[in-house]
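S.K.: Each chain is listed here by its residues.
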Amino acid sequence: MEKLFQAANTSGSISGPPSAREYFNDRLFRSIALTSAFLIIVLVAYILWEIGREAMPAIGEYGLGFVTGTTWNVSKGEFGVLPEIWGTLYSSLLALLIGGVFGIAIAIFLTQDFINHRLATVFRTVIEMLAAIPSVVFGLWGIYVLIPLLKPGAEWLHDSLGWFPLFGTNLSGPGMAPAALVLAIMILPTVAAISVDAFRRIPYKVKEAAYGMGTTRWEAILKVMLPTASSGVLAALVLGFGRALGETMALAMLIGNANQISLSLFSPANTLASLLASNFPEAGRIEVQALMYAALVLLAITFLVNVAGLAVQQYTIRKFEGKK
Amino acid sequence: MKYKTSLASALAAAVAALGLLAGGQPAISATAEATELVVRGAGATFPQPLYQRWMQEYAKVDTGVRFSYEGVGSGSGVKRFLEGSVDFGASDAAMSDSELAKVDPKRGVEMIPMTAGMVVLAYNIPGVPEGLRLSRALYADILAGKVGFWDDARIQESNPDLTLPHLAIVTVVRRDSSGTTYVITNHLARIDPDWETSGPGIGKRVDWPGSAMEVQGNEGVARRVQITDGAIGYMAYEFAKQLDLPIATLQNKAGNFVEPGPLTGQAALASAEEIPENLRVYLPDPAGADAYPIVSYTWLLLDGRYPDPAKAEALKAALGWGLDEGQTIAAEMGYIPLPDRMIGKAKEALGRIR
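Each protein sequence line maps, in turn, to chains A and B. Under full-length UniProt numbering, the first residue of the first sequence is numbered 1, with each subsequent residue one higher. Under full-length UniProt numbering, the first residue of the second sequence is numbered 1, with each subsequent residue one higher.
Calculated directly from the structure, the hints in this document are not laboratory data. Hints should not be assumed to be uniformly reliable.
Some chain B residues flagged as far from chain A (calculated, every beta-carbon gap over 10 Å) [said to hold, decoys possible]:
1) VAL38
2) SER135
3) VAL215
4) GLU274
5) PRO309
6) GLN327
7) MET333
8) GLY351
Pairwise CB distance ranges, derived in the manner of DEER restraints [stated by the list, open to error]:
9) A:ILE59 - B:GLN156: 44 to 52 Å
10) B:PHE149 - A:LEU166: 18 to 26 Å
11) A:ALA132 - B:GLU313: 48 to 56 Å
12) B:GLN156 - A:TRP218: 40 to 48 Å
13) A:PRO281 - B:ALA331: 27 to 35 Å
14) A:GLU155 - B:GLN156: 18 to 26 Å
15) B:ASP104 - A:PHE29: 31 to 39 Å
We put the CB at the ideal spot given by N, CA and C, even for glycine.
Chain A with its partners taken away, still in its complex shape (with noise of 0.2 Å):
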């Protein structure tokens, strides 16, 4: 300790002038740093342009028909993508609810004193591990686990309640359920990891501010912490979502892939990203301008979700945290 000191103290620079080495260091460093950033967005730009590119025909000659067509005939050469925006959207607005629910309510339990502070850290540990399994894995858990499950659930809902739309099937294996939850899961680690750090970040005294004005405990997490961790939380859903849109293998080995939509949890539907990995080893060229499209539709989707997440996330920075 204390040689570093003296060593510090006796070059003599500390108080000098930046030698030119330092300057280049700097220069270098920032160049490097401002490529790097300028390539993301060339290389966003060139995927775009190039999935655009080889869609453009498809485009043109399907136009918005292919996003309100809803049959996929590659011989007559109808392409229509509607059921499989619907199965997107649905199954991971229902694995968003879920896993949004779990994730928060764990981070919640990890960082507000429930438990000591070293568990948190190995809890921590082992929900982030759930991001390490392969999705392969996932959807044959989901087969041969979770399916014969649900199933007995699923038969006395559709038994008792079948005349309410969401239970209006009956699960006969594969379908909307088993792949909304297994979804959940898979979006869990990013909810949960990010909420937590959200509400690390929340300064100690803020916490205190509220025991001192008296309010309970479950009044200072829902009054005070929840609103002031906000917009990381909303941040967390709004990646959980994305990476729920984006989902493929498990999601093809789970939906049933049929082609129709359906309000019904149990049956089976289909999604943009299982369609296009599950086509395009087979597509001729026609199919797979219809490929492209669906992708450029997909990442349309994508986009929109992380603008309006966004945009949520400002106002609630702004009600929540009082910075503009």
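Here the structure of chain A is known, so what remains is to put chain B in place on it, guided by the hints.
M.R.: Just chain B, lined up with the frame of chain A:
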């Protein structure tokens, strides 16, 4: 134990599917020590188990050549053959005239039927382990999505002995370009006048009703039927046997209810009258009293002239073996051995390859 193996094979299937998605080539190849000559093929999944078995057996006969076969579906088989990216293609639907026109005249093409198979309707109805009988009109309507539940009055009528549950019918069909789909839609169009005009139509990929589950490959259909209550799907006989799925008994042209099997299959093949020069024979609705209604030959697509004479010789020797010894193996595995006159014609075609 059964659970374990099915999990393991599902994992293997999923890994193979991943490889496909990533554009990889999950080739199944027979192993041989001396691997000088490699002959690559791709196509139909329908005869894939047989071809794999043939490659294993043939590796013992001739160790100097290694064959590989990728089950990518008939549509891709024809596509890759036309591109010249494989040495031979395989398809359950023989090449159409427009496809034949695309063949490079310098290469030429010979279509050789190697075996024939039955397309069966396998089902998964809890409480009905066997014995489902479906009349001609009924199974066409089921696949067209016109019958909603298993306890439908018409199904009950054909099956007075069965107690059928009130369970939604889920049809499982092929999403990829498939010769099996071609074979069954070609048959259904014969028995249902609406099939081609207002129904799904005939082809390797058709417009199935929206509620149908669309999956990849014969194996995919079999697995999906296995895990889905109330499911019914079409696949090659061999795949239903492998997973022990119950198979529906179908009504044939003569009005009899027939189970798939070696005898009913051969009866169906025997009903073909003439074999044309290009060996393209379809049996959309065989007439015999005991004939199983949905059968098809499955073809290998070979170049008329190979640039490498060694390759041509190796292929000719191996396929000649397939047409002789191979037929016994085919019968063991649930495929239909070729009728003698077809074997004669196939060997003639094989002889023309140089």
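S.K.: Hey, does SER135 of chain B actually stay past 10 Å from chain A on C-beta?
M.R.: holds, 24 Å
S.K.: Checking a non-interface call: every C-beta of chain A should be farther than 10 Å from the C-beta of PRO309 of chain B. Is that right?
M.R.: The claim stands: PRO309 of chain B keeps its Cβ more than 10 Å from every Cβ of chain A (closest is about 33 Å).
S.K.: Should the label of VAL215 of chain B as a non-interface residue stand, given a Cβ cut-off of 10 Å to chain A?
M.R.: Violated, because the least Cβ-Cβ distance between VAL215 of chain B and chain A comes to about 6 Å, which does not exceed 10 Å.
S.K.: Taking 31 to 39 Å as the stated bounds, is the beta-carbon spacing between ASP104 of chain B and PHE29 of chain A within them?
M.R.: violated, 58 Å
S.K.: Is the Cβ of GLN327 of chain B farther than 10 Å from every Cβ of chain A?
M.R.: It holds; GLN327 of chain B is separated from chain A by about 31 Å at its closest Cβ, greater than 10 Å.
S.K.: Since MET333 of chain B was said not to touch the interface, does its Cβ keep a gap of more than 10 Å from each Cβ of chain A?
M.R.: holds, 26 Å
S.K.: Per the hint of 27 to 35 Å, is the separation of the Cβ atoms of PRO281 of chain A and ALA331 of chain B within bounds?
M.R.: Cβ of PRO281 of chain A to Cβ of ALA331 of chain B: about 33 Å, so the range 27 to 35 Å holds.
S.K.: Does the hinted range 18 to 26 Å hold for PHE149 of chain B and LEU166 of chain A at CB?
M.R.: holds, 20 Å
S.K.: Assuming the hint says 40 to 48 Å, is it satisfied by the Cβ distance from GLN156 of chain B to TRP218 of chain A or not?
M.R.: violated, 58 Å
S.K.: Take a quick look at VAL38 of chain B and tell me if its Cβ sits farther than 10 Å from every Cβ on chain A, holds or violated.
M.R.: holds, 23 Å
S.K.: Is GLY351 of chain B truly not at the interface, in the sense that its beta carbon sits beyond 10 Å from all beta carbons of chain A?
M.R.: Its Cβ never comes within 10 Å of chain A, the nearest being 34 Å, so this holds.
S.K.: So is GLU274 of chain B really clear of chain A, every C-beta pair being over 10 Å apart?
M.R.: Check passes; 29 Å lies beyond 10 Å.
The structure fails to meet hints 3, 12, 15 from the earlier list, while all remaining hints are met.
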